[in-house]
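**Q** With these hints in hand, go ahead and build the complete structure from the sequences.
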Amino acid sequence: MEKKINRKDFLKLASLLPTALALPPSLLQSTDPGYPNIIVLVFDAWSAVNNSLYDYPRQTTPNLDRLAEKAVVYYNHHAGGYFTTPGTASLLTGVLPWRHQLYSQNFKLQSKFKSDNLFGLFPEYFRLAYSHNALAQEIFLEMANDLDILKPREDLYYTFDPVAKLFRFDYDASSVSWIRTMETIEDGYANSIFLSRLWSTISRMREARLKEKYPLGLPKFGGTNSFLLEDSIDWLVENSGALDVPSLTYYHLLPPHKPYNTRREFHNRFLDDNFYPPQKPEHFMTYGISYQEHLEARRLYDEYVLFVDAEIKRLFDLLSSKGTLDKFWIILTSDHGELFERGIHAHGKPSMHRPLVNIPLLIFPPGQEHRIDVHQPTSSIDILPTLLSITGKKIPSWLEGIPLPPFNPAYQGDREIYVVDGQYSDIGQPYSNASIMLRQAEYKLIYHFGKKEDYAALPDQESVELFDLDADPEEMNNLADKQPELVKRMMQKILVKLKSEGVG
Amino acid sequence: MKSRLDLKSFFRLFLLAAFPIHLWSLLMIFRDVEFLSERTNMWDAVGISGYTLLIALIESLLAALILLGVISILPGKWAEGQRFSIISSLYMILAGASIVDMAFHAFSKARISQQYLHGLETYPSLTYGLIAGAVLLFCVLVTGLILRSKKVENLLTEFYDRIMLLSYLYLALDMVGIALVIVRNINAQL
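In order, the protein sequences belong to chains A and B. Residue numbering for the first sequence follows my numbering, starting at 6 and increasing by one per position. Residue numbering for the second sequence follows my numbering, starting at 195 and increasing by one per position.
For the record, the hints were derived by calculation from the structure and aren't laboratory data. A quick note: this is a predicted structure, and the numbers were derived from the prediction, not measured. Backbone N, C-alpha and C fix where the C-beta goes; we use that ideal spot for every residue, glycine too. Hints should not be assumed to be uniformly reliable.
Stated by the list, open to error - Pulled a few chain B residues facing chain A out of the computed Cβ check, cut under 7 Å:
hint, residue
1, Ile293
2, Asn379
3, Ala382
**A** Here you go:
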């Protein structure tokens, strides 16, 4: 049946027209555009909220603010999950956790997505993946059949893991064992009572040589897996665009993930700057962290974002001086955000508030000379279909995501956007413990339910929060009691969705 | 007095060194196994335990070598039994202090919020200093007691001999650990 366009639909489509007009004409052609090179650059735990690009009061991204003048900038972009495993899996598969089932590292990727993913859908490409983060690396391993190069994590680490090198055929178990046995720096204990202390001392001494440059210590993953972000950026530039075949590079870099070990020139940049974000009510998932502790952690994080921003600029400068910048579509985004409020720190709890789930997304089409701002809510599951669309490929029907505006003029701004966590539920069963965020237009509803783990402190085993993000971007006023009809409608949508995905 | 630091002495020191190292490693293995099996599967969890035991074995050998070196530089006028008892006691005190410190971090929930914040130590350096001072004082005290009292020396030697018996069990587990590592690496290459 042919669907007629009503007035509301017409206005939605019309709102996209100016952004579509700003794109180079060649980029709006969806048929036979050739196979352009693609770099997907993911910075871990990078919240959109803490970027001056998105109107944060601190000038955390001065370089990105300038680079964005030639990019498509997404203001309301959402991760698929609240930490690396579900967030990255959603980005790579174009579906949400209820379908790919990688709720956490304890779960297995649903077998269909071992081949149906960003790498498997681009067989004509030379596909390279790298991650500082072991959780992302584990996902790559599941998809390794469709990767031409899966660069080992430790190749770009500053530290040395002799066990993983010696037992490279059993890499995962040997490296996990090494970390559990030797690393005391992050949590103060390890499986070894003597060697671990010796190893920590050696690691500290080795890093001390770079103390001048990194006053808080080197950037690192876990306790002693330190690395230099500069090395990773250099490697990316050296290994991009040197081939005759189109390349798809997926690069998952750890900063600004904690620990927030920024570089000397950014250290203490925001100290005593009298920036006081609003104090928010404590969440039931709280760690008990005080407002003052949040302020300190946020400052360190913001200073780390400055470092990321500087390295993004350096990446663009290097590609430009190499003459290859215009040969790539560059997608700049994150796997999830980072939160410093409500007694919760970083991304350990699925509170689903904006700093945790709103992530940056910038798309740099080659040759684009204008900035395009997209304010419609979008999701990281849309990146895969967008790449398929811009390369003229067919978009499979199993994808939950859809091509992003302005590459998709039919994109509807009131589309339902979900962020999902169900890691404390049984696979194949309806969710018994879960956190669901539904964003639709300006409204956002957060629904927590269950009684295990994070949900043990839930009064009545469920909680509903409703926010009007246009009027209340800081999510200070829960409107759930004031707008029961809207809550009912949005809850109904969530319940129907859960049912249709086999988890309700 | 003539020193008799032979292979037998080394093996005694090795058995002694292996005890606290393995005690803690096994405690951590049992603590981790559920998390590790949930992370991937039980075979991986067991494999990780195998590597941990292999490292514990190497750590024990290194510790025994160091103890052998230290025992050889203790004053020659002390009897061999005294030297063994002193070095064993000092080793056990250090190992005990290390285990207590790690247990504090592993099992204490009191300051968990602090662990999430960069730059905040779980306890201040003054406390570290006091603990180190207490350990040192205890070492001196025990050394003095052993040198002055044959009864204390004999009591401790008897205690360490009993401990060493348990280490045989740990060594058997190490052999299982090595076998696991070999099997996993062969499997991974097939």
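**Q** Give a verdict on every hint.
**A** Now the hints, each set against the structure:
no. : hint   : in the structure
1   : Ile293 : holds (6 Å)
2   : Asn379 : holds (5 Å)
3   : Ala382 : holds (4 Å)
In this structure, none of the earlier numbered hints is contradicted; all agree with it.
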